[in-house]
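Enquirer: Produce the entire structure from the sequences given, and follow the hints as far as they go.
Using full-length UniProt numbering, the first residue of the sequence shown is number 1, and each one after it goes up by one.
I should point out that these hints are in silico values taken from the structure, not numbers from a laboratory.
Be a bit skeptical, because a hint or two may be false.
Claimed, not checked - Pairwise CB distance ranges (calculated): (1) Glu303 with Arg67: 56 to 62 Å; (2) Arg276 with Trp237: 50 to 56 Å; (3) His176 with Val257: 16 to 22 Å; (4) Gln187 with Ile320: 27 to 33 Å; (5) Ser75 with Ile320: 24 to 30 Å; (6) His176 with Ile315: 45 to 51 Å; (7) Val334 with Arg144: 29 to 35 Å; (8) Arg144 with Arg65: 19 to 25 Å; (9) Asp71 with Pro340: 22 to 28 Å; (10) Pro181 with Arg101: 28 to 34 Å; (11) Leu319 with Val253: 18 to 24 Å; (12) Asn386 with Asp344: 48 to 54 Å; (13) Ile320 with Phe211: 31 to 37 Å; (14) Ser316 with Val179: 15 to 21 Å.
As the list claims (entries may be wrong) - When the alpha-carbon atoms are kept at most 30 Å apart in a straight line, the in silico DSS-like pairs for lysine-lysine are as follows: (15) Lys379 with Lys272; (16) Lys102 with Lys309; (17) Lys272 with Lys305.
Values in this document were obtained by computation on a predicted structure and should not be read as measured data.
Glycine residues also receive a C-beta, built at the ideal position from the N, C-alpha and C atoms.
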Amino acid sequence: SVLQQGSTRTDLMHSAADGTSSRKAYRVLEQLKLRRRTYKKHLIVNLSWVLNTTIDQNILEEFSRNRVIEDPAFSILIFMYSILIILGATGNSLVVCAVARKPAMRTARNMFIVNLAVSDLLLCLITMPLTLMEILTKYWPLGRYPFMCKMLGTLQATSIFVSTISITAIALDRYHVIVYPTRESLQKLGAVAILGCIWITAIILASPMFFWRTLRQHDINLPSFGIEYIAYCLEEWPVEHGRAYYSLFSLIVQYIVPIITVSVAYSRICRKLRYRYVSSSAVGSRSKTKPCSGSSTKRKPKEDKRMRKTNSLLISISLIFCVSWLPLNIFNLVVDYWNPFGDDRQFMMICYAVCHMMGMSSACSNPLLYGWLNDNFRKEFKEILNCFKKEEKTQRRKFIKEKGLWREITMSTEQGMGMQGDAETTITKISATKCY
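Expert: Written out as structure tokens, the structure reads:
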């Protein structure tokens with residue numbers, strides 16, 4: 001433990017009487033820098049006695065800044081996380097808008113992709129900012145509310161579980177459709193039920209973070225330094241090595257099982273598509289003597305290209321999932337079972353941030369893999385982006401100076417429906433007036 005069992009408030013007060021209080025206070029504040037997971041329940045110590053001691057001012061100023069990581073790593077991490085948040089939030093918002101704006105896109109299978117986009121939005125808008133806050137700060141900066149501490153860990157774990165389970169569900173759904181095409185297709189009601197099960201399962205898997213995370217506070221009344229208390233959001237497990245067991249469990253459920261399921265499903269899909277392609281090629285070769293053999297010969301290069309594209313996409317999905325989440329799971333397991341960083345918390349948190357960003361990068365790659373590479377989604381994305389461009393071009397006013405004269409140009413756009421009711425005609429009127 002960070003503070004030995006005998007280092008109680010009474011012992012510290014006695015040591016102050018012996019003239020060693022300054023050294024004690026210095027050591028206590030230094031020891032508070034160590035990993036939060038190493039704290040035990042007996043860590044709650046009233047530190048108000050430091051007011052009557054002479055403490056190194058540099059230590060207090062360091063705590064008032066509340067930083068674990070210093071520049072330039074501090075600024076680099078903020079920049080990198082900001083890029084991930086912006087890209088991930090933009091891409092996943094486009095996926096949600098593409099399905100929401102057109103009823104034809106609201107199919108049962110697209111609901112899985114929307115669910116993945118929603119979970120990735122949670123990763124971008126909640127998990128990444130709050131995790132970055134925990135990485136950069138020494139102690140809890142969000143007030144004296146234990147519920148906030150509990151909900152932070154629960155939301156982080158829930159969004160990660162929902163994202164990985166959704167990827168697994170998409171792979172199984174594609175496997176069902178392609179390998180067993182004659183079976184009954186999944187309906188919207190069934191998709192909603194599956195999505196509900198995904199969220200319930202994710203919440204259950206993340207529930208240990210709610211039950212065993214707690215906020216520990218230490219009162220330090222130093223208003224001149226802006227420090228009234230120090231709080232830590234800690235995990236206090238009911239069994240020894242509980243955190244390590246949970247990390248191992250998460251590695252199996254959140255990584256190993258999904259990667260095996262996704263890899264097996266997509267390999268079976270590739271095999272099935274290859275079998276269909278070979279069968280259709282054999283039928284085409286037997287019909288070479290027929291007049292229609294020319295069209296089948298022209299289709300063959302296109303089918304080859306489509307086959308290679310499909311295989312590359314399925315392999316990319318499996319590899320990106322594997323590479324993205326492996327470092328974070330390995331890091332958690334290694335640190336919980338054997339901490340190679342010792343007391344160098346800054347280096348440990350930088351390594352954790354790199355592993356965490358690799359995992360969070362899946363929130364940026366998923367809109368590309370499941371959205372942009374899908375022809376229907378790509379078409380919707382282009383229409384959404386074109387809408388923003390059209391809005392910028394309509395209703396504009398500008399002044400142009402030509403040879404000492406000002407010309408006012410007003411542009412307006414009128415839209416009317418054609419005779420068929422489905423074609424739009426755009427008429428642009430430009431009126432010019434000279435001001436003398």
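Enquirer: Against the 30 Å threshold, does the CA-CA distance of Lys102 and Lys309 hold or violate the hint?
Expert: The hint holds at about 27 Å.
Enquirer: 27 to 33 Å was suggested as the range; check whether the CB atoms of Gln187 and Ile320 agree with it.
Expert: Holds, since Gln187 and Ile320 (Cβ atoms, about 30 Å apart) stay within the stated range.
Enquirer: Do His176 and Val257 keep their Cβ atoms within the hinted range of 16 to 22 Å?
Expert: Since His176 and Val257 have Cβ atoms about 18 Å apart, the given range 16 to 22 Å holds.
Enquirer: For the pair supplied as a hint, Lys379 and Lys272, confirm whether the alpha-carbon distance does not exceed 30 Å.
Expert: 28 Å, holds
Enquirer: The hint says 45 to 51 Å between His176 and Ile315; measuring C-beta to C-beta, is that right?
Expert: 20 Å, violated
Enquirer: Do the beta carbons of Leu319 and Val253 sit within 18 to 24 Å of each other?
Expert: 21 Å, holds
Enquirer: The hint says 22 to 28 Å between Asp71 and Pro340; measuring C-beta to C-beta, is that right?
Expert: 25 Å, holds
Enquirer: Looking only at beta-carbon atoms, does the pair Ile320, Phe211 fall within the given range of 31 to 37 Å?
Expert: With a Cβ separation near 33 Å, Ile320 and Phe211 satisfy 31 to 37 Å, so the hint holds.
Enquirer: Between Asn386 and Asp344, does the C-beta distance stay in 48 to 54 Å?
Expert: 52 Å, holds
Enquirer: Regarding Ser75 and Ile320, is the given constraint of 24 to 30 Å on their beta-carbon distance met?
Expert: 28 Å, holds
Enquirer: Can you let me know if the beta-carbon spacing of Ser316 and Val179 is within 15 to 21 Å?
Expert: The hinted range 15 to 21 Å holds for Ser316 and Val179, with Cβ atoms some 20 Å apart.
Enquirer: When you take the CB atoms of Glu303 and Arg67, is the distance between them in 56 to 62 Å?
Expert: Since Glu303 and Arg67 have Cβ atoms about 58 Å apart, the given range 56 to 62 Å holds.
When each numbered hint is compared with the structure, a violation occurs for hint 6 only.
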